[in-house]
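Q: Residue numbers (numbering that gives the first Met the number 0), protein chains in the order written: chain A, 0 to 489; chain B, 0 to 489.
These are computed hints drawn from the structure, not numbers from a lab. Hints are supplied without guarantee of correctness; some may be wrong.
Since the list can't tell identical chains apart, any single copy or any two copies may satisfy a pair.
Derived pair list, reagent style EDC-like, types lysine to aspartate or glutamate, alpha-carbon separation capped at 20 angstroms [unchecked claim]: (1) K408 <-> D231; (2) K46 <-> E57; (3) K56 <-> E45; (4) K328 <-> E45; (5) K97 <-> E114; (6) K254 <-> D403; (7) K233 <-> D252; (8) K449 <-> E214; (9) K112 <-> D23; (10) K455 <-> E431; (11) K179 <-> D337; (12) K407 <-> D140; (13) K179 <-> D221; (14) K76 <-> D101.
2 protein chains.
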Amino acid sequence: MAKDFPTRAENYAQWYQDLVIKADLAENSAVRGCMVIKPYGYAIWEKMQAVLDRKFKETGHSNAYFPLFIPKSFFSKEASHVEGFAKECAIVTHYRLKNAEDGNGVVVDPEAKLEEELIIRPTSETIIWNTYRGWIQSYRDLPILVNQWANVVRWEMRTRLFLRTAEFLWQEGHTAHATKEEAIEETKRMLDVYADFVENTMAVPVYKGVKTANERFAGALDTYCIEAMMQDGKALQAGTSHFLGQNFAKAFDVKFTGKDGKQDFVWATSWGVSTRLMGALVMAHSDDDGLVLPPKLAPIQVVIVPIHKNDEQLAAITVVANKIVDELKKLGISVKYDDRDTHKPGWKFSEYEFKGVPVRVAIGPRDLENGTVEVARRDTKEKSVMQLTDLTLKISHLLDHIQDNLYKKALTFREENTHHADSYDEFKKKIEQGGFVMAHWDGTTETELKIKEETKATIRCIPLNAKKEKGKCIFSGNDSEQRVIFAQAY
Amino acid sequence: MAKDFPTRAENYAQWYQDLVIKADLAENSAVRGCMVIKPYGYAIWEKMQAVLDRKFKETGHSNAYFPLFIPKSFFSKEASHVEGFAKECAIVTHYRLKNAEDGNGVVVDPEAKLEEELIIRPTSETIIWNTYRGWIQSYRDLPILVNQWANVVRWEMRTRLFLRTAEFLWQEGHTAHATKEEAIEETKRMLDVYADFVENTMAVPVYKGVKTANERFAGALDTYCIEAMMQDGKALQAGTSHFLGQNFAKAFDVKFTGKDGKQDFVWATSWGVSTRLMGALVMAHSDDDGLVLPPKLAPIQVVIVPIHKNDEQLAAITVVANKIVDELKKLGISVKYDDRDTHKPGWKFSEYEFKGVPVRVAIGPRDLENGTVEVARRDTKEKSVMQLTDLTLKISHLLDHIQDNLYKKALTFREENTHHADSYDEFKKKIEQGGFVMAHWDGTTETELKIKEETKATIRCIPLNAKKEKGKCIFSGNDSEQRVIFAQAY
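Bound conformation, chain A alone:
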């Protein structure tokens, strides 16, 4: 694998794109803005899905599936939702093609025009709440705790693999509750599930917080989010959980009869993470030599490469390697023994380094004599010679250690790039330098938008569990109760 792509310092954006493509995670397709997720990238996404899906089920949720299409009129039913969403989208207007009269290919049959256009879902609140109306009569039908794994489409003009694509894959949870308190509790529970996943599985530290009114999801009363820092100091919103109040229940007339016999509108939440997390994963850990994957998400956790001069040596190495493979598999560790004779060991070393395989084991003739192997870790590039005794246990511990180390490294980076600013001049200087800036803000959308206009920084969130600290807004000088997190963002 030739490293014919820029370093992060040279060109971070290009480094990211080249890495995603050359490491076989994804590529641009023939359809503008839509990506192909390649097998290696999809294997990582599947691992993410498996962990998240288990967490959703452990917290009482079931999966279901709702239509890809949403009737256009549905979007108009929730006033703020249509403003925020329905504009840039893929619109189905016809349902039949016919042979072109000139004999060249096919054309849209003008007679097969839909009475009402269908929108490819950009998110499914409307079609789902329209469905819930039929599912909910009384408090006994609540809560409904449903999640959907699906593709969605938002017609983005400027797209980047994983981070912003017209079509992307995601999960969207949509829950219905009898009380406001229960819905808020659910919103926060799922935020915690996301934070736990991103920190402990992806090894990326996050701030949990609430969005400002301006950054809120279209139709939500409150949007909770987790925000992560990428290696260029920019913020990436890694997941959101929305408290929707009774907005969608009112828009779609979803009422229930309570224990007291009184009717009320149902309370709602929705929450989602997407293939965008793949972008966050790459940007948070990878380096100038290629991908760095946390062991919990690596499709191949350990690769074993034989180093030999002849078939006899290979045969002897293979006996040892197969034993290690069997033992690692018993521990649930995914391992590949690459004994291909089409490539030299050096080529393989580069390849697996580039693909981010956390641990590489090399076995040569001298190792056989000494009962040892050479173990290299991807994150620090350290190599060590290990005795075969208890090797698989040692590798298992090493994987845990790599997982921890990646998290700590990312956390240290974030701490080093998080600053306080107490004046607007200081703020502008620090935003320019990159990273997160904790600053006081007067709580108005006006101030928020002016700061954004002048510095490109947005309020990523009002952090939860942050210490209350009275201060003055850096922009207006008005009173503020706590610092909020500003950053330029993906």
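Chain A is fixed; fit chain B onto it per the hints.
A: Leaving out everything else, chain B in the frame of chain A:
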């Protein structure tokens, strides 16, 4: 659960639809022809996916994801493919809505018209082979063994839940090979995977066969299929595996350099099963009292219902029940203890019977005294009193036994409803009666279409591994080498 729906004998079609809806498997959505798959139905589909996905990976395949949209021009590239597919489909023509000038809702922005229309994939051969062109240069890049789990859309005019819907979920495998032999081998391997799944997991016997030219997939050289018999005697195509030859490689210019340095077009297969299998599952096993699910696909395999007159009894029963729950879970059996006080035992019995839970365990005060439980099986409705000793092992065996029994029952039904016919009169009479008719056919599309026109019966397949038997075509009297399977079909 009131059994307010017809029996199979009264109205099979209505029985099916009512059962699917009332058992919470799926329902029609607000979008014509599109269904909502409800949590209980989706849980069965997830079990199907898990088994199939494991089988795909065991046979060397990886998952990937390709765009939902296909540029219109792609369909015209493979001549027979466009004839078979591109006509009834969802067509995206615009990418933006705007506020209506009269202030009422939103309208399509005429300025946001796509230069080339996009088709929602009805199947992905075209976009995938257009992508493979970039992935394949030499024989070293082959084979490519990729599968995709996705939604697809075919604009069906008459739809039925699961069996025929505009949008449905499926998997589509798309493989690329260096030789014809290898591609044919793959086509047959995946047919075997499907047959194994449908027979051993779904407990539905199938005939493996080849489609006639007339019933072939648009663009295939050969379509292999598995055909199952439903309880009304009709056939249901449960899966197909296509040998595509070099058709798509030629259409999308996908060549590779062989070991000999010569260039050749790549050989292709594709294969798929869909949520249609959910329909087959219901139609093959269920009865007039509701769903009957094979244990391997039942979301709840065992339900335990307490029968008590007071809280003290319930508490004592719960101790025993929890122990059974723990032990069953250790065996990997999914079990639910339904101690809700909102419903009476009789209601619960009906409910779980209706939902097809394979085994029901009831525990009453007398059972506590005797150290017994009452075990009822859904398939035969037999009840027996069992000692607590080794109960979980006995339940585990019972689940295996139910799985076997469902298969055998379906097989017996199929055998009883499969007939030979040696004259056209006999054929017509037997087709009228329902079931499969094995008859000689002269191999021409002309005969096939005339028989279809007159009897609504189609050739489901030319069975594989059937005995060669010379005979005369029932319609034309011309020579025939083996019998083929005729039936009316879903």
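Q: So, for every hint listed, does it hold in this structure?
A: Each hint, compared with the structure:
Taking the shortest Cα distances, K408 and D231 sit within 20 angstroms of each other inside one copy (14 angstroms), while across copies they are farther apart (64 angstroms). Taking the closest pair of Cα atoms, K46 and E57 come within 20 angstroms of each other both inside a single copy (17 angstroms) and across two copies (17 angstroms). When the C-alpha separation of K56 and E45 is checked against a cutoff of 20 angstroms, the pair qualifies both within a copy, at 16 angstroms, and between copies, at 13 angstroms. Taking the shortest alpha-carbon separations for K328 and E45, only the intra-copy value of 19 angstroms comes in at or below 20 angstroms, while the best inter-copy value is 25 angstroms.
In the homo-oligomer, the alpha carbons of K97 and E114 lie at most 20 angstroms apart both inside one protomer (19 angstroms) and across protomers (18 angstroms), since each shortest distance falls under that limit. Taking the shortest alpha-carbon separations for K254 and D403, neither the intra-copy value of 47 angstroms nor the inter-copy value of 46 angstroms comes in at or below 20 angstroms. Taking the shortest Cα distances, K233 and D252 never come within 20 angstroms of each other, neither inside one copy (41 angstroms) nor across copies (42 angstroms). For the homomeric pair K449 and E214, the shortest alpha-carbon distance inside one copy (14 angstroms) is at most 20 angstroms, but the shortest distance between copies (65 angstroms) is not.
Taking the shortest alpha-carbon separations for K112 and D23, neither the intra-copy value of 40 angstroms nor the inter-copy value of 33 angstroms comes in at or below 20 angstroms. In this assembly of identical chains, the alpha carbons of K455 and E431 lie at most 20 angstroms apart only when taken from the same copy (9 angstroms versus 74 angstroms across copies). For the homomeric pair K179 and D337, neither the shortest alpha-carbon distance inside one copy (56 angstroms) nor that between copies (28 angstroms) is at most 20 angstroms. In this assembly of identical chains, the alpha carbons of K407 and D140 never lie at most 20 angstroms apart, being 44 angstroms within a copy and 39 angstroms across copies at closest.
In the homo-oligomer, the alpha carbons of K179 and D221 lie at most 20 angstroms apart inside one protomer (12 angstroms), although the nearest pairing across protomers, at 58 angstroms, exceeds that limit. Proximity of K76 to D101 under the C-alpha cut-off of 20 angstroms is restricted to the inter-copy arrangement: shortest distance 16 angstroms between copies versus 43 angstroms within a copy.
Violated hints, listed in ascending order, are 6, 7, 9, 11, 12; each of the other numbered hints is respected by the structure.
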